[in-house]
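For the protein sequence lines, the chains are A and B, in the order given. Position in the first sequence (from 1) plus 126 gives the number in the working numbering. Position in the second sequence (from 1) plus 94 gives the number in the working numbering.
Some hints here could point you the wrong way.
Taking lysine-lysine pairs in the BS3-like style, the calculated list, with each CA pair at most 27 Å apart, reads [to be verified]:
#: 1; chain 1: A; residue 1: 314; chain 2: B; residue 2: 272
#: 2; chain 1: B; residue 1: 226; chain 2: A; residue 2: 189
#: 3; chain 1: B; residue 1: 150; chain 2: A; residue 2: 189
#: 4; chain 1: A; residue 1: 310; chain 2: B; residue 2: 226
Some, not all, of what chain B presents toward chain A, calculated at C-beta under 10 Å [what the hints assert, rightly or not]:
#: 5; residue: 114
#: 6; residue: 115
#: 7; residue: 124
#: 8; residue: 182
#: 9; residue: 184
#: 10; residue: 185
#: 11; residue: 255
Since the hints were made in silico from the structure, they are not lab data. Virtual Cβ for every residue (Gly too), placed ideally from N, Cα, C.
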Amino acid sequence: MPRIPSIFEQELRNASPAVPDEAFLARLTACAEGRHTELSEEEMEFGELLRATKPRDIPAAMKDSLLAAIGDAPFAIDEKIVLFNRSTAPSPGRAKTRWFNHRNIAAAAAVALFGGGAALLIPGTDGGNKQTAAGYPGSGGGAFESHFAPASYGRNLSETKDEGVIWRGKNQPHRVLRLKYVDKVTMKNDKGETFEVERPRFEYVIIPEKVD
Amino acid sequence: MSANEAPATNSPAASAWRDWLAEHAPKLFLFARNQTRTHEDAQDVLQDAIVKLVGKIRSGEFVGGQDSWQPYLYTTIRRLAIDLSRKNDRRKRREDHVSADIEAEQLEAFHPWFDSEGSDGEVRSQLENALKILPEKFSEVIIMKVWGERTFAQLGEALGISQNTAASRYRYGLEALKRELSSARRKGDLSI
């Protein structure tokens, strides 16, 4: 049953909301049209003038301290090339990997595309999950399959091999490296039981070689 | 370490990190300065953020390439600065830190935000003061946009706001900065 509005409510309704000012309306319009993030020439010029004043560098002692803490971490130049500390190269392969041992030049390795490996090893659907569990020797049927889920994923560079130098266009020599990775997925069920799947994978990296 | 092993600081990775720091650390540090109260806090926050990033890279947890490092670092610096500020506030409630704050402010004068190369001292000083006066929500956007060279979309992501809000704050901030600097410009002290 509709209620009779009080006089106060009627007075409130009679009060019209204030109209937004021109600048605010222009801003709303620009947002709606996707232009609000476009800067005017004047704004860009002022930004450039500000940018001419450079931020101060971090103190030298702090830089040294940071480098000591992070200098041995892999440095990704791009998605496929990673520089890493020579001393962290896998020791079993060192005797064979001439490239890593001669001169103090940058060690480079291809970074395995995580997604690719994960997509192959970690099933994204229930069907795929069952396939992996069923493929595990000793898996015990439906209950086993349905409760195992990927718990962790790891990738190790287990071996590197220098395949020598090839010559490509413009007489530029390139060194070929063969990298062996072992991708490992750990599956875990509700009871805490785990099993691991390992799969070796090879990648070849071609790097421009310096000529003395 | 055996004779064959290069020290970590001479490794290709260390050299690359050194170059990366030379290019990016100043602007990240400026942002850290803006987010914290003191020079020392800014150092701690920046160092923690970089060490966190590297920890994630080492463990393979970090998703994305080098392009994703800076967005991660801006977000982490901001989060760490907020955490630190809360800790400091709690401590301040327990202790009388008035004299320590005054001392910290005096020490700040010895740690200017901007480099002495490329601009005169008056410009640096006026700009630093103007940024300090600005409300943080404007100054952080200006610092990330102007010196961090982030897009509005990246700003929005790092600050948890829409890119339109980031653009609005940037414009407000620029206007406010212009006003702050205008008197100095009128006097001819500033070239900006």
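Here's how the hints hold up against the structure:
1. A:314 / B:272: 59 Å, violated
2. B:226 / A:189: OK: residue 226 of chain B and residue 189 of chain A at ~25 Å, within 27 Å.
3. B:150 / A:189: Given that 27 Å is the threshold and the Cα spacing comes to 20 Å, the pair holds.
4. A:310 / B:226: 51 Å, violated
5. 114: This interface hint holds because 7 Å falls under the 10 Å limit.
6. 115: Residue 115 of chain B check passes; min Cβ-Cβ to chain A is 6 Å, inside 10 Å.
7. 124: With a closest approach of 4 Å, the residue 124 of chain B hint holds.
8. 182: 20 Å, violated
9. 184: 26 Å, violated
10. 185: 23 Å, violated
11. 255: 12 Å, violated
In this structure, the earlier hints numbered 1, 4, 8, 9, 10 and 11 are contradicted, and the remaining ones agree with it.
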